[in-house]
Amino acid sequence: MEIMINGFWEEVRQGITLYQAIELFEPGHPELIVELNGRFVHFREYKERVLSPGDRLELILAAFGG
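Residue 2 is where the sequence shown starts when you use my numbering, and the numbers rise one by one after that.
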């Protein structure tokens, strides 16, 4: 199935969870801010939220420091 990730259409397997998609496209970034279809998703929902065809996912890496 296809989902949009950060403005690009990507092919992923049916039934993929939000957590699995994050690990696939942005591994090792626990500080990500995640938006799914225009809405913020809390990290507690990542493992149970199953993605659907056409979903739009934004993975935002917050850069802090000085």
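FYI, nobody ran anything at the bench for these hints, they're computed from the structure.
Wrong hints could be hidden among the right ones.
[What the hints assert, rightly or not] Beta-carbon label-pair distances, calculated as ranges:
id	residue 1	residue 2	range
1	Glu12	Gly66	26 to 36 Å
2	Gly66	Gly16	12 to 22 Å
3	Gly66	Phe26	18 to 28 Å
Backbone N, C-alpha and C define an ideal beta-carbon position, used for all residues, glycine too.
Hint by hint, here is what the structure shows:
1. Range check, Glu12 to Gly66: Cβ separation about 35 Å, and the 26 to 36 Å hint holds.
2. At roughly 38 Å, the beta carbons of Gly66 and Gly16 sit outside the given window of 12 to 22 Å.
3. In this structure the hint that Gly66 and Phe26 lie 18 to 28 Å apart at CB holds, the actual value being about 23 Å.
The earlier numbered hint that this structure contradicts is number 2, and it is the only one.
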